[in-house]
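Enquirer: These are the residues of each chain, in order.
Number of protein chains: 4
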Amino acid sequence: MANSKFEYVKKFEHSNPLLPSTYMVVRIDGRGFTNFTNLHNFEKPNDIRGLQLMNKCAKEVMKSFTEIIIAYGDSDEYSFAFKKSANVFNRREDKILSCVLSLFSTSYVFFWSKYFGDTNTGGQKLLKVPSFDARIVLYPSLEDLQNYLSWRQVDCHINNQYNTCFWTIVQKGGLSTEQAQKRLKGTLTKDKNEILFSEFGINYNTIDEIFKRGSIWIRMISKKEMKQQKSRKPQEIKEQIQQRNQSEQINLEEEKKNGDSDVQDLKGDIIDM
Amino acid sequence: MANSKFEYVKKFEHSNPLLPSTYMVVRIDGRGFTNFTNLHNFEKPNDIRGLQLMNKCAKEVMKSFTEIIIAYGDSDEYSFAFKKSANVFNRREDKILSCVLSLFSTSYVFFWSKYFGDTNTGGQKLLKVPSFDARIVLYPSLEDLQNYLSWRQVDCHINNQYNTCFWTIVQKGGLSTEQAQKRLKGTLTKDKNEILFSEFGINYNTIDEIFKRGSIWIRMISKKEMKQQKSRKPQEIKEQIQQRNQSEQINLEEEKKNGDSDVQDLKGDIIDM
Amino acid sequence: MANSKFEYVKKFEHSNPLLPSTYMVVRIDGRGFTNFTNLHNFEKPNDIRGLQLMNKCAKEVMKSFTEIIIAYGDSDEYSFAFKKSANVFNRREDKILSCVLSLFSTSYVFFWSKYFGDTNTGGQKLLKVPSFDARIVLYPSLEDLQNYLSWRQVDCHINNQYNTCFWTIVQKGGLSTEQAQKRLKGTLTKDKNEILFSEFGINYNTIDEIFKRGSIWIRMISKKEMKQQKSRKPQEIKEQIQQRNQSEQINLEEEKKNGDSDVQDLKGDIIDM
Amino acid sequence: MANSKFEYVKKFEHSNPLLPSTYMVVRIDGRGFTNFTNLHNFEKPNDIRGLQLMNKCAKEVMKSFTEIIIAYGDSDEYSFAFKKSANVFNRREDKILSCVLSLFSTSYVFFWSKYFGDTNTGGQKLLKVPSFDARIVLYPSLEDLQNYLSWRQVDCHINNQYNTCFWTIVQKGGLSTEQAQKRLKGTLTKDKNEILFSEFGINYNTIDEIFKRGSIWIRMISKKEMKQQKSRKPQEIKEQIQQRNQSEQINLEEEKKNGDSDVQDLKGDIIDM
Numbered sequence: 001m002a003n004s005k006f007e008y009v010k011k012f013e014h015s016n017p018l019l020p021s022t023y024m025v026v027r028i029d030g031r032g033f034t035n036f037t038n039l040h041n042f043e044k045p046n047d048i049r050g051l052q053l054m055n056k057c058a059k060e061v062m063k064s065f066t067e068i069i070i071a072y073g074d075s076d077e078y079s080f081a082f083k084k085s086a087n088v089f090n091r092r093e094d095k096i097l098s099c100v101l102s103l104f105s106t107s108y109v110f111f112w113s114k115y116f117g118d119t120n121t122g123g124q125k126l127l128k129v130p131s132f133d134a135r136i137v138l139y140p141s142l143e144d145l146q147n148y149l150s151w152r153q154v155d156c157h158i159n160n161q162y163n164t165c166f167w168t169i170v171q172k173g174g175l176s177t178e179q180a181q182k183r184l185k186g187t188l189t190k191d192k193n194e195i196l197f198s199e200f201g202i203n204y205n206t207i208d209e210i211f212k213r214g215s216i217w218i219r220m221i222s223k224k225e226m227k228q229q230k231s232r233k234p235q236e237i238k239e240q241i242q243q244r245n246q247s248e249q250i251n252l253e254e255e256k257k258n259g260d261s262d263v264q265d266l267k268g269d270i271i272d273m
Numbered sequence: 001m002a003n004s005k006f007e008y009v010k011k012f013e014h015s016n017p018l019l020p021s022t023y024m025v026v027r028i029d030g031r032g033f034t035n036f037t038n039l040h041n042f043e044k045p046n047d048i049r050g051l052q053l054m055n056k057c058a059k060e061v062m063k064s065f066t067e068i069i070i071a072y073g074d075s076d077e078y079s080f081a082f083k084k085s086a087n088v089f090n091r092r093e094d095k096i097l098s099c100v101l102s103l104f105s106t107s108y109v110f111f112w113s114k115y116f117g118d119t120n121t122g123g124q125k126l127l128k129v130p131s132f133d134a135r136i137v138l139y140p141s142l143e144d145l146q147n148y149l150s151w152r153q154v155d156c157h158i159n160n161q162y163n164t165c166f167w168t169i170v171q172k173g174g175l176s177t178e179q180a181q182k183r184l185k186g187t188l189t190k191d192k193n194e195i196l197f198s199e200f201g202i203n204y205n206t207i208d209e210i211f212k213r214g215s216i217w218i219r220m221i222s223k224k225e226m227k228q229q230k231s232r233k234p235q236e237i238k239e240q241i242q243q244r245n246q247s248e249q250i251n252l253e254e255e256k257k258n259g260d261s262d263v264q265d266l267k268g269d270i271i272d273m
Numbered sequence: 001m002a003n004s005k006f007e008y009v010k011k012f013e014h015s016n017p018l019l020p021s022t023y024m025v026v027r028i029d030g031r032g033f034t035n036f037t038n039l040h041n042f043e044k045p046n047d048i049r050g051l052q053l054m055n056k057c058a059k060e061v062m063k064s065f066t067e068i069i070i071a072y073g074d075s076d077e078y079s080f081a082f083k084k085s086a087n088v089f090n091r092r093e094d095k096i097l098s099c100v101l102s103l104f105s106t107s108y109v110f111f112w113s114k115y116f117g118d119t120n121t122g123g124q125k126l127l128k129v130p131s132f133d134a135r136i137v138l139y140p141s142l143e144d145l146q147n148y149l150s151w152r153q154v155d156c157h158i159n160n161q162y163n164t165c166f167w168t169i170v171q172k173g174g175l176s177t178e179q180a181q182k183r184l185k186g187t188l189t190k191d192k193n194e195i196l197f198s199e200f201g202i203n204y205n206t207i208d209e210i211f212k213r214g215s216i217w218i219r220m221i222s223k224k225e226m227k228q229q230k231s232r233k234p235q236e237i238k239e240q241i242q243q244r245n246q247s248e249q250i251n252l253e254e255e256k257k258n259g260d261s262d263v264q265d266l267k268g269d270i271i272d273m
Numbered sequence: 001m002a003n004s005k006f007e008y009v010k011k012f013e014h015s016n017p018l019l020p021s022t023y024m025v026v027r028i029d030g031r032g033f034t035n036f037t038n039l040h041n042f043e044k045p046n047d048i049r050g051l052q053l054m055n056k057c058a059k060e061v062m063k064s065f066t067e068i069i070i071a072y073g074d075s076d077e078y079s080f081a082f083k084k085s086a087n088v089f090n091r092r093e094d095k096i097l098s099c100v101l102s103l104f105s106t107s108y109v110f111f112w113s114k115y116f117g118d119t120n121t122g123g124q125k126l127l128k129v130p131s132f133d134a135r136i137v138l139y140p141s142l143e144d145l146q147n148y149l150s151w152r153q154v155d156c157h158i159n160n161q162y163n164t165c166f167w168t169i170v171q172k173g174g175l176s177t178e179q180a181q182k183r184l185k186g187t188l189t190k191d192k193n194e195i196l197f198s199e200f201g202i203n204y205n206t207i208d209e210i211f212k213r214g215s216i217w218i219r220m221i222s223k224k225e226m227k228q229q230k231s232r233k234p235q236e237i238k239e240q241i242q243q244r245n246q247s248e249q250i251n252l253e254e255e256k257k258n259g260d261s262d263v264q265d266l267k268g269d270i271i272d273m
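Protein chains in written order, with this note's numbering: chain U, 1 to 273; chain L, 1 to 273; chain R, 1 to 273; chain A, 1 to 273.
Only chain U is shown next, with the shape it has when bound in the complex (with noise of 0.2 Å):
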């Protein structure tokens, strides 16, 4: 065969599977988004539209890839944790990678106008093509994945307080973006707090959820499903996060169950946290 010559070249790929057992988190990054919602007009501090976009590619990945058990996102970037045991790709970096951020991203751009309409609705058009980078990093225990979302979730609050003290003295308080900036500089949780709700009758506490929390996907099992997992591997993460409901707690919260399909893992809209 002709193509033999050439195909020592095969040699030079490298496989590279991820260790067993460790939770496989897909990190997705909107690349030079602060010119891309300037240019689409997004709102600030937050634009519903754009986060609800988000969601519906995050829902897509978790439709596509079964093994996803739970996905966290805020902002422009959208994490995606695989269970301990998926064997997907059997778990080759480069493929895990690429597909679940090429579907992400390719989705961004096939249902924009669903959340953005276009020019005949009087929507925003896309202008020009977005585009994300990602990473994958493995967390070898459930308290490790747990502290990793925790920590997406309080960089979340942390951009939020400050972008919404920041844009309100900005479109309320009349300031420039370079005194509003001046204005924020080394002030603290409560001292944003505090200027919100004295000048502008803002309690931040009233703020949507899903801007001050982030959203997030989890995929739920059914009754039965459970009952079969039960009987092979109990520490999955999918049963601690259901022990976890009837609490009140604060980061992950609490979702019902009721499907028994496997959209229906899949809570519909996305659950305020």
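Honestly, the hints are just simulated from the structure, not real lab data. Note that the structure is predicted; figures quoted are calculated from it, not measured. Treat the hints loosely; a few may be bogus.
As the list claims (entries may be wrong) - Listed below are the simulated BS3-like cross-link pairs for lysine-lysine, each with C-alpha atoms no more than 30 Å apart in a straight line:
#, chain 1, residue 1, chain 2, residue 2
1, R, K125, R, K56
2, U, K172, U, K182
3, L, K128, U, K83
4, U, K5, L, K190
5, R, K182, A, K5
6, R, K10, A, K56
7, L, K95, U, K56
8, L, K95, L, K59
9, U, K11, R, K11
10, L, K59, L, K125
11, U, K5, L, K182
12, A, K95, U, K11
13, R, K5, A, K185
14, U, K10, R, K10
15, A, K95, U, K95
16, R, K182, R, K44
17, L, K11, R, K10
18, U, K95, R, K11
19, A, K59, R, K95
20, U, K192, L, K5
21, L, K114, L, K63
22, U, K5, L, K83
23, R, K10, L, K95
24, U, K59, L, K10
25, A, K5, R, K83
26, A, K95, R, K125
27, U, K212, L, K11
28, R, K185, A, K10
29, R, K185, A, K5
Chain U is fixed; fit chains L, R and A onto it per the hints.
Expert: Just chains L, R and A now, kept in the frame of chain U:
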């Protein structure tokens, strides 16, 4: 800072810089494109709209990543080769892989209607999100890189010859796909050429180059830039390609190949940009 | 500085930190030890001097690397497990691998005459340099680490049972090695025990534990240290092992196993230090 | 088989093949050799016995690993370069690293008394096990490999010049080590040469080459082998080195350097084998 308690999870991230002074090749490949092309009524054996769309996406990637010196594509795959000295993202594997792939993926959806039209115009609406996987392979020498590109091009040729013959005996010969498969089993190149010619009057050699040999993008540099580079590193692939052209265009340019160059195997149909 | 012109070559070095919070296991294995043991007249099927020398080397390694919590060895191999939180050499794979291996290797030659004597004393002189290979494997959970150790110990048992039977029918039964091989082909554990017992009066169960089960070193901690640790991280393997002993020794200590411990599979003959 | 229950732990092992067609360099480095050399009364600034022992170990490594083409050593370190096409252990990083390192390490102890004697003979007994670390670095081109070797040799020169001056003013000038350190702080090469010459009558240029430039081993090939190779791959480093010699020896051979060779920087004292 509230965040610090969880920030230790960043320690689990790993960097993966690729070996310096090697050619980094990103190969992108369509996932499930047999179904995707059926669903979207792609012409068989080749749909020029699909190839032009792939070429458009590749061009977007080359415009964005200026250290890519050559790109080769056929069917639903595309390869991008960075120059040896490329320092994009400090040569971090996941960053390069994800950014190139994501831009290619979103471009495919964004530019779809430019090539396929949409329902209003009697064209083919995009019904489902496509997606791609990607990998990075390193080649230490120019010879290996050339052989890599030749490998992909020979693959293009073999597949196209088979597909051309297969679809001709189905579309014009009236065989079922099963019958066609059976008929071609074990045939050699000359057998297939003979079938095409004697039974259907088709001379395989006259088929469009883009189908037989794929497409190639080459980054050109101006004489001025070339002089600047000459004083630095003479052995880069850029200069070698430049020698064949003496063209003065900057950046990406249409290129006619003469067949006597270092990369003479790559005689694909070079499309406009 | 004259050196700076060449120093760019340092960029080609890569760091390879191992995933945090996993058990790092270094397994060392003799290279070509069939020839090496023949050349040095090792007793068959087991030479206690050789095992004691291996144990001595392992002890040297454990004294030098204080984050190793357990080591298991049999025949010409030894495994060393670092605790999950170990930060030796910032968990750099090549540094850990090389330093553990090198110390083990030099100890083998250095302490040879302590166990084998030399020509003057009627002992066995070291005639040729031995060498070992090594690898590092990561285990995310204690359960996996325990199963790893069990895997090695079962391997020890299977090999020893075969070798004991094989060399008995050669040495006492007068068969050639080829005949012995043929005789044992396809036999089960109980068949081999039966041969040993009925033909040679040997009860396999009475054979020395060190031959049947290998050797194990466990790092002990004092009550005081344990208290200090309790206040930090309760789930370390150290404490689990400590619980079984109530011993007050610091560092490496001889240990008698009771069979009811967490690592009960590891019932090897614990040698003096 | 009883073993199968635990055998899943093998899945956690990872292979790590190194990129084909690159020069693999193993660099071995003494651990804690300042203390080790003090303990064993090494002569300062250089102990020829120590260097000869290192060279002996390097030779053992080259005899065992026939794809190593060149080795360079000075002080307590040694670098081994495999040819680009080397396929030893399928280029597995850990296997190559560990086997080269282990053999070097055991040789150091095994051959110690050959160079240092022992107590009976009025020599220096080995009192403590030495150990070494090791790493592997890949170089894609011959130029980079040459620069790597030059980098190590320049390092040898700089260290030796400093050490020669330092120990001269201590041993002959009567300064304490602290005073000597202070005296040399900030001095340039010519300052140190001047001190040596004007105060102690020592011409640095007349110092033994092995101290100033280190040691090098080069694998030679016979004319016959060279012819066989010519018909295959002309660009290997072997041929380049061979050209300078026209020697007909097979395998490792003593080599005198002429200063006009391709690796002219490497002018170390080449020792017998």
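Enquirer: K5/U and K182/L: Cα distance at most 30 Å?
Expert: The hint holds at about 28 Å.
Enquirer: Holds or violated: K185/R with K5/A, Cα cutoff 30 Å?
Expert: Given that 30 Å is the threshold and the Cα spacing comes to 23 Å, the pair holds.
Enquirer: Can the restraint linking K10/R and K56/A be considered satisfied, given a maximum Cα separation of 30 Å?
Expert: holds (27 Å)
Enquirer: Is the Cα-Cα distance between K11/U and K11/R 30 Å or less?
Expert: This hinted pair holds, its Cα atoms lying about 24 Å apart.
Enquirer: Has the given pair, K192/U with K5/L, been kept, meaning a C-alpha gap of at most 30 Å?
Expert: holds (22 Å)
Enquirer: Assess, step by step, whether the Cα of K5/A is no farther than 30 Å from the Cα of K83/R, and give holds or violated.
Expert: Holds, at about 24 Å.
Enquirer: Given the hint that K95/A pairs with K95/U, does the C-alpha gap stay at or below 30 Å?
Expert: holds (27 Å)
Enquirer: Below or equal to 30 Å on CA atoms is what counts here, so check K182/R against K44/R.
Expert: Distance of about 18 Å is within 30 Å: holds.
Enquirer: Quick one, are K11/L and K10/R close enough, alpha carbons at most 30 Å?
Expert: Satisfied, since the Cα-Cα distance of roughly 24 Å is no more than 30 Å.
Enquirer: Next pair to validate is K5/R with K185/A; report whether the Cα-Cα distance is within 30 Å.
Expert: Between K5/R and K185/A the Cα gap is close to 23 Å, so the pair holds against 30 Å.
Enquirer: Measure nothing beyond the straight line between the CA atoms of K172/U and K182/U; if it is 30 Å or shorter, mark the hint as holding.
Expert: Holds: K172/U and K182/U sit about 16 Å apart, inside 30 Å.
Enquirer: Does the alpha-carbon distance linking K95/A and K11/U stay inside the 30 Å limit?
Expert: holds (19 Å)
Of the numbered hints listed earlier, not one is contradicted by the structure.
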